[in-house]
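A.B. asks: Residue strings, one per chain:
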Amino acid sequence: MAGKSASKSTAGKRTRSGRERMNLLIDPRLLRAAAVALGTTNKSDAVNVALERLAEDAAILRELGAATGEIPDYPCVDT
Amino acid sequence: MPLSALDTNGYVDILRGGSRAAAIHAALDAAGTRLVVLMPVIAELLQGARRLADERTVLRRFVDPMPVNRRIAATAAEWTATGERVAAMLRAGHDPAELARRAFWLDVHIAQLCRSRGITLLTDDEDHERIERHVRHRTAALPSSP
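Sequences listed follow chains Z and U, in order. Its first residue numbered 1, the first sequence is counted upward by one per residue in this note's numbering. Its first residue numbered 80, the second sequence is counted upward by one per residue in this note's numbering.
No wet-lab data here; the hints were simulated from the structure. All values reported here derive from a predicted model rather than from experimental measurement. Beta carbons are placed, not taken as given, at the ideal position from N, Cα and C, and that holds for glycine. Do not rely on the hints blindly, as some may be mistaken.
As the list claims (entries may be wrong) - Cβ pair distances, simulated, as ranges:
id: 1; chain 1: U; residue 1: R130; chain 2: Z; residue 2: N48; range: 38 to 46 angstroms
id: 2; chain 1: Z; residue 1: G39; chain 2: U; residue 2: R209; range: 46 to 54 angstroms
id: 3; chain 1: Z; residue 1: A58; chain 2: U; residue 2: M118; range: 17 to 25 angstroms
id: 4; chain 1: Z; residue 1: A66; chain 2: U; residue 2: M118; range: 17 to 25 angstroms
id: 5; chain 1: Z; residue 1: L24; chain 2: U; residue 2: R209; range: 23 to 31 angstroms
id: 6; chain 1: U; residue 1: V147; chain 2: Z; residue 2: T40; range: 19 to 27 angstroms
What the hints assert, rightly or not - Only some residues are given here: those of chain U computed to face chain Z with a beta carbon under 10 angstroms:
id: 7; residue: N88
id: 8; residue: V91
id: 9; residue: H104
id: 10; residue: L114
id: 11; residue: E123
id: 12; residue: L124
id: 13; residue: R130
id: 14; residue: A132
id: 15; residue: T136
id: 16; residue: R139
id: 17; residue: M145
id: 18; residue: R149
id: 19; residue: H173
id: 20; residue: S195
My request is simple: use the sequences and hints to build the entire structure.
C.D. replies: In structure tokens, the structure reads:
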């Protein structure tokens with residue numbers, strides 16, 4: 001039971017799109033810079049797109065790292 | 080954020096391991112670019128897989144973690160552009176025997192795909208030096224071993 005209640009957000013209110021309104025402390029300069037860099041139309045999108053890309057990039061790099069030396073006898077291919 | 084993609088030889092170096100693999104991984108980690116995967120490169124890699132388990136490794140490590148919008152495959156227009164590019168290279172006097180080589184032809188396709196999507200190809204394949212004169216795609220050298 002303790003784990004279940006711990007996973008619930010105490011500050012959040014879920015929207016129809018599955019997003020959640022949360023009280024977060026964010027540096028506004030970083031948020032503006034992220035919105036410009038990512039080309040998002042609003043700051044919520046900037047946060048979500050940035051988090052999505054961060055998670056994607058981390059997973060991609062993790063798997064590249066895990067592949068290192070995984071097939072040491074990979075043959076020479078004509079490329 | 081600029082897009083980058085590894086060429087086949089980069090993936091082969093990673094699979095074989097060693098200091099070159101570590102250098103490539105470190106460079107990708109630090110590059111600040113958005114990595115995408117070129118599906119023709121995956122096709123080439125699968126062709127080199129000797130065991131079924133190797134095929135699964137290629138897909139699990141290099142394709143599965145990529146969201147669908149980062150798996151790059153040619154559209155009808157891009158296939159057409161590849162054919163037009165090869166024809167133009169032949170008309171310009173490029174060696175027909177080289178263009179008849181499956182791997183070289185596929186490199187022209189990869190180059191065309193990179194050009195049309197604004198992707199920088201990370202490669203040390205010398206074929207791309209010759210192709211670049213015709214296709215004008217962007218390439219960058221794979222990092223060498225420390």
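A.B. asks: All hints are to be evaluated individually against the structure, with a verdict given for each.
C.D. replies: Here's how the hints hold up against the structure:
{"no.": "1", "hint": "U:R130 <-> Z:N48: 38 to 46 angstroms", "verdict": "41 angstroms, holds"}
{"no.": "2", "hint": "Z:G39 <-> U:R209: 46 to 54 angstroms", "verdict": "35 angstroms, violated"}
{"no.": "3", "hint": "Z:A58 <-> U:M118: 17 to 25 angstroms", "verdict": "22 angstroms, holds"}
{"no.": "4", "hint": "Z:A66 <-> U:M118: 17 to 25 angstroms", "verdict": "21 angstroms, holds"}
{"no.": "5", "hint": "Z:L24 <-> U:R209: 23 to 31 angstroms", "verdict": "52 angstroms, violated"}
{"no.": "6", "hint": "U:V147 <-> Z:T40: 19 to 27 angstroms", "verdict": "20 angstroms, holds"}
{"no.": "7", "hint": "N88", "verdict": "6 angstroms, holds"}
{"no.": "8", "hint": "V91", "verdict": "6 angstroms, holds"}
{"no.": "9", "hint": "H104", "verdict": "6 angstroms, holds"}
{"no.": "10", "hint": "L114", "verdict": "6 angstroms, holds"}
{"no.": "11", "hint": "E123", "verdict": "6 angstroms, holds"}
{"no.": "12", "hint": "L124", "verdict": "8 angstroms, holds"}
{"no.": "13", "hint": "R130", "verdict": "9 angstroms, holds"}
{"no.": "14", "hint": "A132", "verdict": "9 angstroms, holds"}
{"no.": "15", "hint": "T136", "verdict": "5 angstroms, holds"}
{"no.": "16", "hint": "R139", "verdict": "7 angstroms, holds"}
{"no.": "17", "hint": "M145", "verdict": "6 angstroms, holds"}
{"no.": "18", "hint": "R149", "verdict": "7 angstroms, holds"}
{"no.": "19", "hint": "H173", "verdict": "18 angstroms, violated"}
{"no.": "20", "hint": "S195", "verdict": "20 angstroms, violated"}
The structure fails to meet hints 2, 5, 19 and 20 from the earlier list, while all remaining hints are met.
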